[in-house]
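Build out the structure end to end from the sequences listed, making use of the hints.
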Amino acid sequence: MGNILTLIQKEVRDGYRNKWIAVMTFLMAGFALVLALLGSAPVGTTAISPLAVTVVSLSSLGIFFIPLIALLLSYDSIVGEDERGTLILLLAYPVTRTEIALGKFLGQLLILSFAIVVGYGVALVVVAAKGEAPLEQIPWTIFLKLVVSSVMLGGVFLALGLLLSTITKDRGTSAAGAIGLWLVFVVLFDMALLGILSSGAASLIQDEAVKWIMLASPSDAYRMFNLATNADTALLSGMSGLREDQGVAGSVLLLLLGAWIVVPLSVACALFQRRTS
Amino acid sequence: MKMENFPAIELLNVGKSYGRKNALEDVSLTLSARQCLALVGHNGAGKTTLIKIILGLLKPDAGTLNVLHADPGRRQFNQLRRNIGFLPEQVLFQKTLTGRETLAFYARLKGVAVNNLDPYFERVDLQDAADRRVGTYSKGMRQRLGIAQALLGQPKLLVLDEPTSGLDPVARQNIYRILDDEKKNGTAVLISSHVLTELDDRIDRVAILNQGRLVAQGSIPLLRHHINMRSRLRIRARQDTCESLVAAFRLELPVERISGEEILLRCRPDQKMDVLSRVMAMEEGILDIELVDPSLEEVFNAYSATGPAFREDSNG
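Protein chains in written order, with numbering that gives the first Met the number 0: chain A, 0 to 276; chain B, 0 to 315.
Rather than coming from a laboratory, the hints here were simulated on the basis of the structure. On a predicted model such as this, the values are computed, not experimentally measured, just so you know. Honestly, I wouldn't trust all of these hints.
[Claimed, not checked] Mimicking BS3-like on lysine-lysine, the simulated pairs with C-alpha atoms at most 25 Å apart in a straight line are:
#, chain 1, residue 1, chain 2, residue 2
1, B, K94, B, K138
2, A, K129, A, K144
3, B, K94, A, K18
4, B, K155, B, K109
5, B, K183, B, K155
6, B, K109, B, K58
7, B, K155, A, K168
8, B, K109, B, K183
9, B, K155, B, K182
10, B, K58, B, K20
11, A, K168, B, K20
12, A, K168, B, K94
[As the list claims (entries may be wrong)] From the structure, some residues in chain A lie toward chain B, with a derived Cβ separation under 7 Å:
#, residue
13, I3
14, T5
15, I7
16, D13
17, R16
18, N17
19, G84
20, A91
21, Y92
22, P93
23, I141
24, L143
25, K144
Think of the CB as a built atom: it goes at the ideal place given N, C-alpha and C, for glycine as much as any other residue.
See below:
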């Protein structure tokens, strides 16, 4: 445990020094602010909380942005250390490979969580400060759900990036793989599913199966968790038309995201044991 | 006192192959406490593979090994790593951290107190740069930081992969001075190098690796003697003296007539004194004598060359 803390501390300190944390937090806050200020404008005086509008915008932003940041942070976790010669050095220390992998992952998760909490927090404060939503009326649960699921989405792609970095032999390959992962999970998967559903092939897929196929992608689980499990956000994002049986319970969605973290992380740890450095 | 010279490393017939290529073949080696062994060989001779096996980062395909009385391939060996100091061949520490932060990170992993790291910086002469970022360090300073890292927690075994490559002679001498101190404290030191000339007299033994095989092992003078490399005796003399010299030695030594007034004799170490005194007997005709013993580089090349060339030289 002590070793993991030492590794986390180094990861965070390095992230702080090389301005990674600053740049990411700045970007998250910047985008969140723009969305918060523009996004809540057209609502006017409706029953819907301006924060719900902001959450819908922020989760759409998060789907693209968080996986990207997470992969950028993690794609060279192991392979980068290997190339700098520090991996073989670490392995000569009384540290286990699992500790190294977990230390990297948790350190990066901490960095990412900071950027998300601060970035989204700024948006929340601005929306509140505009006076449209007094603090006591702010639906905290919507915001909390956004933050928790965003951190989990980040964790998914940190774990995938870590896995990538344990199986590649040089950073270039790992970087290419990271771009591939991002494209597949964030862009291509949805496009392909949409394409199939709008084509004749749609009749071959059972109605019931569609939502589960969709949830095979962690970003869709995240999207559904933020948009469809709350009446306000569902209304805003066009998810309110879902029948009861078309929805998936929030706990199931969180479990899915959790599995998307645990499985790649465990596989990464297992394959790291076999890596010859 | 008995424990003092315990073997820190014992390798017996260790072999390792990658696919069909033999990286190491039948390597047997011992290194005791208070000893410094240099592993020498060209790039790709198997030095780094051997070091990885000793550190338990690679499992050998054949043979047995004991490092600090344990098998490095076992899981329990992890705890013993506390007693091993290691410097990889190429290591780039995080540029954004200071020297002190870097050393503290490694100290924590080794369970060494981090509040008193100054002595380590003093030993490698980095005390003034300890709080500067590693990114501002020169190559020599980074190497010294690497050495400081290896010295953490008084290791019983120090393994340094090419610690002096690319360093200037003064920096190299400093490293050997530190290694000598460690040796006196009872540490077993293993260093590797690809040039024999970078080694120092403070090295007790040299093991020469060639294409994964251990071709020679022993002290530097012993190696030099053992290989029976011929010294070159270059004599400048009057024409008639040259002729009689050629006639005198032609049957026992390779004699080369460089010019009318210059000849070159090649003699084995055991013939050297005899030949020299016979040449000196013709003193009036001789203008100049130059005796060149084989350099370390030549000894190394002879060992590293493939068999026949060096056998011919030693027997003929």
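Q: Let me know if the C-beta of P93 (chain A) comes in closer than 7 Å to any C-beta of chain B, holds or violated.
A: Result: holds, 4 Å to nearest chain B Cβ.
Q) Keeping to a limit of 25 Å between CA atoms, is the pair of K168 (chain A) and K94 (chain B) held or broken? A) holds (22 Å)
Q. Regarding the hint that I141 (chain A) lies at the interface with chain B, is the smallest CB-CB distance below 7 Å?
A. Violated - the Cβ of I141 (chain A) stays beyond 7 Å from chain B, reaching only about 38 Å at its closest.
Q. Quick one, is the T5 (chain A) hint okay against chain B at 7 Å, beta carbons?
A. holds (4 Å)
Q | I3 (chain A) as an interface hint toward chain B, with CB separation required under 7 Å | A | violated (11 Å)
Q: Would you settle whether the hint for R16 (chain A) is holds or violated, based on the nearest Cβ-Cβ distance to chain B being less than 7 Å?
A: holds (3 Å)
Q.
The hint names G84 (chain A) as touching chain B; please verify it with the least Cβ-Cβ distance against 7 Å.
A. holds (4 Å)
**Q.** Interface hint outcome for N17 (chain A) [beta carbon to chain B under 7 Å]
**A.** Cβ of N17 (chain A) sits 5 Å from chain B, so the hint holds.
Q) Keeping to a limit of 25 Å between CA atoms, is the pair of K183 (chain B) and K155 (chain B) held or broken? A) holds (11 Å)
Q) Is the straight-line distance between the alpha-carbon of K155 (chain B) and that of K109 (chain B) 25 Å or less? A) Status holds; Cα separation ~13 Å.
**Q.** Pair hint outcome, K109 (chain B) versus K183 (chain B) [Cα-Cα no greater than 25 Å]
**A.** Answer holds: K109 (chain B) to K183 (chain B) is near 22 Å, not above 25 Å.
Q: Please verify that hint: I7 (chain A), Cβ, nearest Cβ of chain B, below 7 Å or not.
A: For I7 (chain A), the interface hint is violated, since the closest Cβ of chain B sits about 11 Å away, which is over 7 Å.
The structure does not agree with the numbered hints 7, 13, 15, 23, 24, 25 stated previously, though it agrees with the rest.
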